[in-house]
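S.K.: Generate the whole structure from the sequences, applying the supplied hints.
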Amino acid sequence: MSLSYEGTIPSRPRYGQLTPRPGSGHLFVADGEGADAILALFAGPGAKGMLATTQIVYMPGPTGTDKSAELEKLGADIFFRAPDYSTAQPRLKRLFGSAHMGLQLYLTGTEGLIGQAQRDAIEAGLPHTAMQTEHRGSTVRRVQCVHCKGITENVRTDPFVCSHCGLNLFVRDHYSRRLAAFQGVNIDAEDPGQVPPQVERFA
Amino acid sequence: MSAGAQRLDVTVAEVVDVNPLIKRFRFVRTGGGALPTFSGGSHIVVDMDDAGTRRLNPYSLMSDPGQTDSYMISVRRDDNGRGGSLYMHRSVRPGMQMQIGWPVNLFPSDLRAKKHLMIAGGIGITPFLAQMAQLDRIGGRFELHYAARNRTLGAYMDELQTRYGARVQTYLDEEGQAMDLKGLLTSQPFGTHLYVCGPKPMIGWVLDTARTLGWPEGALHSEEFLAPPVGQPFEVELARSGKTIRVGAAQSLLEALEAAGVDAPYLCRGGACGQCETDVCEADGTFEHNDHWLSDAEKASGRKIMPCVSRFRGARLVIDR
Chain A
1 MSLSYEGTIP SRPRYGQLTP RPGSGHLFVA DGEGADAILA LFAGPGAKGM LATTQIVYMP
61 GPTGTDKSAE LEKLGADIFF RAPDYSTAQP RLKRLFGSAH MGLQLYLTGT EGLIGQAQRD
121 AIEAGLPHTA MQTEHRGSTV RRVQCVHCKG ITENVRTDPF VCSHCGLNLF VRDHYSRRLA
181 AFQGVNIDAE DPGQVPPQVE RFA
Chain B
1 MSAGAQRLDV TVAEVVDVNP LIKRFRFVRT GGGALPTFSG GSHIVVDMDD AGTRRLNPYS
61 LMSDPGQTDS YMISVRRDDN GRGGSLYMHR SVRPGMQMQI GWPVNLFPSD LRAKKHLMIA
121 GGIGITPFLA QMAQLDRIGG RFELHYAARN RTLGAYMDEL QTRYGARVQT YLDEEGQAMD
181 LKGLLTSQPF GTHLYVCGPK PMIGWVLDTA RTLGWPEGAL HSEEFLAPPV GQPFEVELAR
241 SGKTIRVGAA QSLLEALEAA GVDAPYLCRG GACGQCETDV CEADGTFEHN DHWLSDAEKA
301 SGRKIMPCVS RFRGARLVID R
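In order, the protein sequence lines correspond to chains A and B.
Just so you know, we're using the numbering used here here: the first sequence kicks off at 1 and counts up by one.
Just so you know, we're using the numbering used here here: the second sequence kicks off at 1 and counts up by one.
It should be emphasised that the hints constitute simulated quantities derived from the structure, not laboratory data.
Being a predicted model, the structure only gives us computed values, none of them experimental.
A few of these clues could be false.
Simulated coverage check for chain B against chain A, where a stretch passes if three residues somewhere in it have a Cβ under 8 Å from a Cβ of chain A [unchecked claim]:
id, region
1, 181–192
2, 204–215
3, 244–250
Virtual Cβ for every residue (Gly too), placed ideally from N, Cα, C.
M.R.: Pasting the structure below:
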């Protein structure tokens with residue numbers, strides 16, 4: 001899947017392409033197809049020497065893609081596989097708490113993964129522009145219901161039903177870095193029951 | 001008129017010789033009352049009437065941001081400068097009435113940082129004095145590395161070490177004490193922001209070293225006020241006002257605009273803030289871009305000029321003022 005930035009708002013997150021940068025260490029956080037971005041970086045120029053100071057934290061993607069075996073073979077100093085982000089999070093927080101400036105952050109995979117790792121790095125004091133990001137794989141979204149504040153992961157359709165309060169939510173491109181989530185707004189607040197048909201916008 | 005260009009009437013309350021090169025000035029509000037609140041890293045533009053020549057120089061506020069009964073600045077005498085610092089040293093006395101601009105902060109502490117690493121060279125210490133007072137009050141974690149030629153010129157070294165203890169490290173060039181910059185920059189906890197203020201070569205050295213060691217751009221902060229450099233006189237056509245003015249050798253384009261009665265925007269007057277950015281309508285010649293504001297691409301385009309510090313050499317220049 002690739003993201004389209006057409007017709008969106010300026011604040012919508014945009015992603016780049018991972019490239020090797022000088023640093024005292026290299027931390028990759030990835031899910032699903034993000035593995036391909038890491039493999040591509042190490043297949044390119046200027047990255048071979050980084051392996052001895054590279055740590056990879058990887059988890060399968062929301063559509064089940066799991067490239068752990070290929071990544072593990074890469075030969076990074078540390079490879080750690082987690083079942084999902086909430087399991088990887090304590091490890092990342094501990095890493096941020098003991099790391100020094102100079103550590104390079106590379107985040108790749110789905111927007112939900114990139115956003116949550118970015119949020120935790122920002123909470124550790126890093127500027128939001130400090131980490132490199134590359135979107136790969138699924139375009140499903142992590143969405144906050146602006147009414148009940150509950151977060152629904154892996155949203156595929158627009159509108160969708162909030163998994164917490166049951167409201168019909170329209171998925172906006174309006175994004176919160178603090179919450180690492182897009183915003184979902186009740187679509188039938190004024191005409192209850194007048195809900196447009198769900199469209200599969202994210203896959 | 002931009003915010004920082006609004007004037008405050010002040011009276012000089014105190015002038016202190018800090019060392020052979022530096023004087024400290026304390027201003028109170030004329031007629032009494034509190035001065036505007038400011039944040040650590042702010043500067044003011046001091047308005048000087050130097051025997052008929054108007055001088056407007058930016059100086060960092062060094063006093064505690066928690067105190068608004070007075071403002072303090074330190075001025076280093078520059079015998080080869082255009083005259084602002086010499087005027088402050090020779091002519092400003094306690095009891096004098098002056099005008100200053102409102103405080104403007106182009107060098108704030110990023111309070112999202114987990115730690116603030118400050119590196120000062122010489123008179124570049126002044127914004128950090130205010131930043132440290134502010135951070136100390138709110139429990140912010142900071143560390144100052146302060147270099148000067150010798151102990152006499154390290155104006156506030158003793159005072160700072162007494163107040164902040166091991167959080168202040170000093171380096172005296174004449175005693176061969178060099179900063180282990182690489183060691184310093186590789187041992188900072190994740191989430192540290194770096195601040196540097198001092199002479200141009202020092203700022204370059206610190207920032208380049210940090211970038212090489214993988215510090216992200218967003219965690220790097222620096223401030224350097226430039227004095228408008230002296231150059232060849234040149235003529236400028238002002239498209240909007242329909243005037244043609246001449247910029248003298250020791251005058252900046254901004255000063256020439258003001259002398260011609262054109263209300264041009266400004267804040268820092270030192271090439272740092274971007275407020276005076278001006279569109280170029282036509283140019284046949286070479287720009288002398290001296291600012292820290294425009295990108296290299298903008299400088300090369302010949303479509304923009306910062307009148308506070310930049311000049312022009314050539315046949316014709318028309319700007320949108």
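S.K.: If a hint holds in the structure, say so; if it does not, say that too.
M.R.: We went through each hint and held it up to the structure:
no.	hint	in the structure
1	181–192	holds (count 8)
2	204–215	holds (count 4)
3	244–250	violated (count 0)
Hint 3 alone, counting from the list given before, is not met by this structure.
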